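Colleague: One-letter residues, chain by chain:
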Amino acid sequence: MTAQTTDVRVVRRAAVAPRRARRRFGITRERLFAVLSPLLILVLWQVLSDLGVIDERVFSTPIDVVRLAGTMFAEGDLWHDVLVTVQRLILGMLAGAVPGTLLGLWMGLSRTARAVVDPIVAATYPLPRIALFPLVLFVVGLNETSLIVMVALGPFFTMLISTMTAVTGVPKIYLRVAKSFGAGRLRTNASVVLPAALPVIMSGVQISMGLALLGVVSAEFLVGQDGLGYVIWHAWTILSLPESMVGLVLAGLVGFVAYMLVAALEPLLMPYKSTKRSRKARKAALTT
Amino acid sequence: MRVDSSAGETATDRVAIRVEGLSKVFETARGEVTALRSTDLTIDSGEFVCVVGPSGCGKTTLLNILADLDQASSGTIAFQVPSADRPLQSVVFQEQGVFPWLTILDNAAYGLAMRGVGKSKRRAVASAVLKRMGLGQFEASYPDELSGGMRQRVNIARAFATDPHILLMDEPFGSLDEQTKLLLQDDLLGIWEESRRTVVFITHSIDEAIRLADRIVVMSARPGRIKASLPVTLPRPRHVLDMSEDAEYIRLRNEVWELLREEVLATREMEQQRTAGGSR
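Respectively, the protein sequence lines represent chains A and B.
The first sequence begins at 1 in the working numbering and counts up one residue at a time.
The second sequence begins at 1 in the working numbering and counts up one residue at a time.
Treat the hints as calculated values from the structure; they're not laboratory data.
Be aware that a few hints might be false.
[Unchecked claim] Ranges of calculated distance between the beta carbons of each label pair, as one might list FRET restraints:
id : chain 1 : residue 1 : chain 2 : residue 2 : range
1  : A       : Thr168    : B       : Gln71     : 44 to 50 Å
2  : A       : Leu40     : B       : Ala128    : 55 to 61 Å
3  : A       : Thr112    : B       : Glu32     : 24 to 30 Å
Note that this is a predicted model, so its numbers are computed, not measured.
No residue lacks a Cβ here, since even glycine has one placed at the ideal position from N, Cα and C.
From just these sequences and the hints, can you work out the full model?
Modeller: Shown next as structure tokens:
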């Protein structure tokens, strides 16, 4: 009997090229799709309108919207509306996020502060902000300030809650390290609590930005004499849907830019996060 | 807690830490838990002491009290150090104790920063210690870019950078893989030989304790107290890889294990009882 042997050869080739590190500037997958994805939807929308699948009388085509925006910028005061909305967004964001962050810090650091303020927050936070509008109008009056207050409410509560959560969630071992090296309370807060809490605080800022924009547009719906919210609502009342679309698209653009600006803060405030990927290759090469 | 600093050299000056009748009772939801009961311990200046014991025996509690991170319920700790111009102690924590938002250099310089040392001075000192720990080229990196073993070296560098009289280490190598652990034990012995600071090192590894220590303190199951104190007479300087065949090493290993075995079994029994009691 002869032994029969079969050679089985399995060859696996590396199927994936080594991943290139993310560069600070230049085209990355994320940046490419930040532009491509919205464009794709616009193209689809245009094509579907041209094919008659989408009713042009309800949804103006992207080309129509751009054309109309051009005329509105040239002839009307659309610029004014954009600027007014941006200004309210910035003011409302500052008026809400700054005190919200400070109060959240205080609540995160002090158990007494948490005990006192938490019930008030729990009772007011879940209320729909728009339902507070009459109250704000009554207290502040029908003016620009009441509009800013309305915008500020969203960022205020969001920053308060996220900052408090961020501070109370700082890993205890960091505090022990600080204490073991003799850091007092102030030094511990500055050198450990703040940097450790920053990532969660920054995601709170990101969410607040969206809420602030929502606040601006809804407040302008209700009382605005100008602004993109007013443009959208006014166009609707005169049944000019294309104009309403122009306002909508511009509001979206404002939000997009605001979001990107906040995202751009991350590498400045938290360099250790953004360099993580670019140095990953080096890390992979290192094993103690 | 009492800190004496005196320049005089008498017989008692050899003692760096004197723990007397130390007890710690924790208040928990299920009542009082005694973590330490009337513990006495004397550690000489320049001595490397490893504390071993079953899990939950209060060895970390002892270290926390020594580090002033926790208060004793009763008893006294007296430190005696030759001068007051250097910090009394530094703690080497487990690897999660490294700050992810600081570069390796600034992590190593953190203790000095908290002592008010200026930026350029503390960075120079930290840089030298990092070089000593083989991390010279990673000063500008962040901890997330390093392996666990390298992060732990940063932790050690941070504690050594302040040049304290006493180093307290709480299972610093507990979460590392075996090979990395051996290398780091060698590194630690190397940097320790240069200065011979007093070290209290908590571990659950008998081998680690024998490789590193001048003396091994065995603790009993909870409530913890000192069960035995065994001198390690292996010659220094030591290299962790050459030791495991040594007859003295093997004898000690068996002796410590015999002492620990009862305590580990007692701990297991206690846990089983508690589990049974809880399910009733």
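Colleague: Hints the structure violates: just list their numbers, smallest first.
Modeller: Violated hint (a single one): 1; every other hint is consistent with the structure.
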